[in-house]
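Novice: Sequence:
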Amino acid sequence: MIRTKTAIVVGAGAAVEIELLGQREMLNRIAQGYDFQRLGTELQSREMQDFDTLFSKVKGKNAELRDAAMRIRAGSRLSSSMHALLQQHGEDKHVLAAGKLALAYYTLRAEEHSPMGAEPRDPGDMPLRGTENWLYELSRMVVDGVTRAKAEQCFEHLHIVNFNADRSIEHYMPWALHLGFGMSLTEAQAICAEKLRVVHPYGRAGKLAWQAGDEAVAGWGEVELKNLLKQAEGIRTASEFLADRHMRAALYGGLANARRLVFLGFDFNALDTALLFDERLTQSPDALLSIPVGAGHHKESISRVLKSVGGIQAESVVALHDGRVWQMLRDHALFLES
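Residue 338 is where the sequence shown ends in UniProt numbering, and the numbering goes up by one at each step.
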């Protein structure tokens, strides 16, 4: 069990480790899907056809959305992520609509094709098989050493900020409680619905059926075009997040109270970092960082950003790990559970 107030920040690098999409790959996929010049030719893709169908469902806006899609495709060459591109076009409602639709679509497609299934392949297993993944390491820490009678306290000291739009944590965690405590999946989902705190600054591609809220429901990896326009309404831009007082309070309240701050695959790009530390931390929590594989040359810059933007001093950095997220969690499990 995590016994000290801990905030976990999940970035695109963590998504890549479980075979979902990183920010650059997401942007490239969207640019390819919006290549409407190939529509109707031998080179057209399923994605192009799907977007053509979706745009035609928006009465009187087909042409505007197509033009917006082409602007997204052109702008993708100079943007680091889809979220950065949407900030650049923040006053263009058609670009925002086409961008959010594409983010929801490709997030659900990535879930559909990921190794994590809607249910475990075998009884007594997890929906993502194996133990060499960060979802397993995180869930193991959550349930380890907790009695069945106190299962509702598993998440008491845990606050999660997920910069990805997928629902991998929310989908995986009830199965961990189900297997860890021998409770029914329905009971585990009810506990997660009430106690598991996951803030998605950029929104999510719909909610899972057991989750509370007014968002459209999207089953894990279910891509149904008839529902996608509603599901895309759950995606937010950085500006929309910052204008939402409730969401800001949910994110920054958890960070301000954290004595430990754990970064999983977070690359410290300018937009996400500015959003995360819009309110500078004053308590200088212990920090553990797992940065994306291959980003080790940024270690000094990241340390400076943590200090100047986040208020986290160099002596508070317990680990700066250039490698797999699950390995960092495994190697520091004793510290994180203490």
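Rather than coming from a laboratory, the hints here were simulated on the basis of the structure. Please note: incorrect hints may appear among the correct ones.
Derived DEER-like restraints, expressed as beta-carbon distance ranges [as the list claims (entries may be wrong)]:
| hint | residue 1 | residue 2 | range |
| --- | --- | --- | --- |
| 1 | Glu-300 | Gln-87 | 20 to 28 angstroms |
| 2 | Glu-300 | Lys-150 | 36 to 44 angstroms |
| 3 | Asp-331 | Lys-150 | 47 to 55 angstroms |
| 4 | Gln-283 | Glu-222 | 39 to 47 angstroms |
| 5 | Arg-77 | Lys-150 | 25 to 33 angstroms |
The structure displayed is predicted, hence computed values, not measured ones. The C-beta atom is built at its ideal place from N, Cα and C for all residues, glycine as well.
Novice: Looking back at the hints listed earlier, which ones does the structure fail to meet?
Specialist: Numbers 3, 5, in rising order.
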